[in-house]
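Join the two chains into one complex using the hints; note that each chain is given alone, in its own frame.
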Amino acid sequence: MDTQEEVIVYARPDSLTKTNTHYCPGCTHGVAHHLIAEVIDEMGLRERTIGVASVGCSVFAYNYMNFDFVQAPHGRAPAMATGVKRVFPDKVVLTYQGDGDLASIGMAEIVHAAARGENISVFFLNNANYGMTGGQMAPTTLPGQKTTSSPSGRDVETQGYPIRASELLATLDGASYVVRRSLHDPKNIRLAKKAIRTAFEVQLRGLGFSMVELLSTCPTNWEMTPQNSLKWLEEHMIPYYPLGDYKVNPAVAEIKG
Amino acid sequence: MPPKGRIIVSDLYCKGCELCVGACPQAVIALNPDRITAKGYHPASLFKDGCTGCGICAIVCPDAAITVYREDLRARRAIPVGA
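Keeping their order, the protein sequence lines are chains U and X. Each residue of the first sequence is one higher than the one before, starting from 1 at the first, in my numbering. Each residue of the second sequence is one higher than the one before, starting from 1 at the first, in my numbering.
Isolated chain X (complex conformation) (with noise of 0.2 Å):
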């Protein structure tokens, strides 16, 4: 099973130019039409579930407007199998 992720989009950065929502290997970044930003753009944010926090969007983000959080695998071990 890939670990999970999550983005944070900043508002205050992004400016919703869609090289995050090309480049999402997982393809579950969009801009969100709900919300706008104070300069006006549409940010980007996560539509949909299978984020696996690869961090790929962070990369190619020219404005470091995304947060990319990532479950620590080593708490997944931990847990014995079955339990």
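Chain U extracted, bound-state conformation (with noise of 0.2 Å):
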């Protein structure tokens, strides 16, 4: 076929670097780099976005995008945004966090930048697992699922149960969009990006505080098959981490329609 009668459906974007990433096979943490270097592209925000990238897998979240990055401490993503946006408040600032980042150690930084409304976009992988450590049990951990730290299944009497980070912080007033989406299937993964997009316009606008949720696989540390793990996250995580909307100020909700 001529090249000249073809269209380009879809090439890498520019806002990922030429490198091979760290991440296992069928992991989808790359689902969510490509969403948001894609939507980065888009907007044309590239020469003035700066990321915090987190501890965990994400950590080198600074070699695969294509921008400016800098390193928190585990868990203190959400306050370093603060700082760096309010020294550079035309920047776009965004944090790209693993859930043992911050369900657990970070849980303090994320909670008072959403009370405060820090104008940050986070994005947050929630894949119930710490997958860089070797799949130890998460607050995100869902009751009866066998990790290498709990080898006979999360038991909710001694260990607790899950946190719904996203339905926690919406419940602060600071917060303007938070949102729950997840990457196991195209038409999901096509609506993250929507998310994406629209956390990236909050901040633009100086609406507040954003985030979007991502429920993502660990083939790895979960034994499974990369096919495996997307219908265990459609089976086991969906049900306890419902996808949805859970906190749309009304003046976010005009930026949709």
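One thing to keep in mind: the hints can contain errors.
What the hints assert, rightly or not - List of simulated lysine-lysine pairs, DSS-like, C-alpha gap at most 27 Å: (1) U:K187 x X:K48; (2) U:K18 x X:K39; (3) U:K231 x U:K187; (4) U:K194 x U:K231; (5) U:K18 x U:K194; (6) U:K91 x U:K18; (7) U:K231 x U:K146; (8) X:K4 x U:K187; (9) U:K91 x U:K194.
FYI, nobody ran anything at the bench for these hints, they're computed from the structure.
Structure follows, in structure tokens:
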């Protein structure tokens, strides 16, 4: 076929570097990366975006995203993003955090950043375990889920209940846009991209704190094939972490309309 | 007649996770056992005709390894019927 008769439907976004990621095959961290990169490309924000990387598998986001990045101590990405945004109010500041980072050690930082209504966008990858360190139990691990540190399944009597971060943050007045999306099939990936775009729109209009929680897979630590882990996410995680919009400020709803 | 498409999978990024294989609505993608990447994976590739260039493989690809092309339908419309 003559190339002149073809159109490019999809090409790797410019906001991703030409680097092979360290993520395991089939890990949906990569999907979240390319969605954020696509949105930044489409909105033309690359030269004015500053990312804050967290600790965990997501730490190397600064190697994979082709814009400025800083690295925060474990859990402190929202605190660091607060500082960056206040010093450079005209920049677009995002944090990219996993569930071990945001919902465990970083719980204080995220709650207070949301309560202050900091004008930052948080992308929260929830894969129900600590991926980088070998699949230990995280605050988001489901009841009964087996991990390397809960080998007979999470027992809620002794280990408590999983934290639903979106519902929790949605109760705070400072949060403008808090939604949960999933990355398990093409339809939900498209919805996730839309939510990521809305989160940036919220920040550009100065409407306050925005967070998109993305349900994600961890095939290696869940000990499943990538295909089966998508199915597991759909069957087990979504019932506990329902997808939806938990906080949409009326001013944000106007953007979407 | 559905539009014709094709995909190019980058050997640098593809890790052979097979998410595109499972997501392809036309079931025309498979891992290619005759190719091997520098990291030791068999990369995905088209194994038969029928790609429509819908781009779903690229949406689910965690490594953004797939470039999707589709024939330009405007060019097709420009050809008169029976020509």
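Structure-based check of all given hints:
1. Restraint check: the Cα-Cα separation between U:K187 and X:K48 comes to about 25 Å, which is no more than 27 Å; the hinted pair holds.
2. With a CA separation close to 15 Å, the supplied pair U:K18 and X:K39 stays within the 27 Å bound.
3. Proposed proximity of U:K231 and U:K187 is supported: the alpha carbons are some 14 Å apart, at most 27 Å.
4. Proximity of U:K194 to U:K231 is assessed by CA-CA distance (about 23 Å); at most 27 Å being required, the pair is judged to hold.
5. Our distance criterion of 27 Å between C-alpha atoms is met by U:K18 and U:K194, whose separation comes to about 25 Å.
6. Simply put, U:K91 and U:K18 have alpha-carbon atoms about 24 Å apart, close enough for the 27 Å limit, and the pair holds.
7. Proposed proximity of U:K231 and U:K146 is supported: the alpha carbons are some 17 Å apart, at most 27 Å.
8. Pair hint X:K4 plus U:K187 holds up; C-alpha atoms about 22 Å apart against a cutoff of 27 Å.
9. A threshold of 27 Å between alpha carbons decides the hint, and for U:K91 with U:K194 the separation of about 21 Å falls inside it, so the pair holds.
Violated hints: none; the structure is consistent with every hint.
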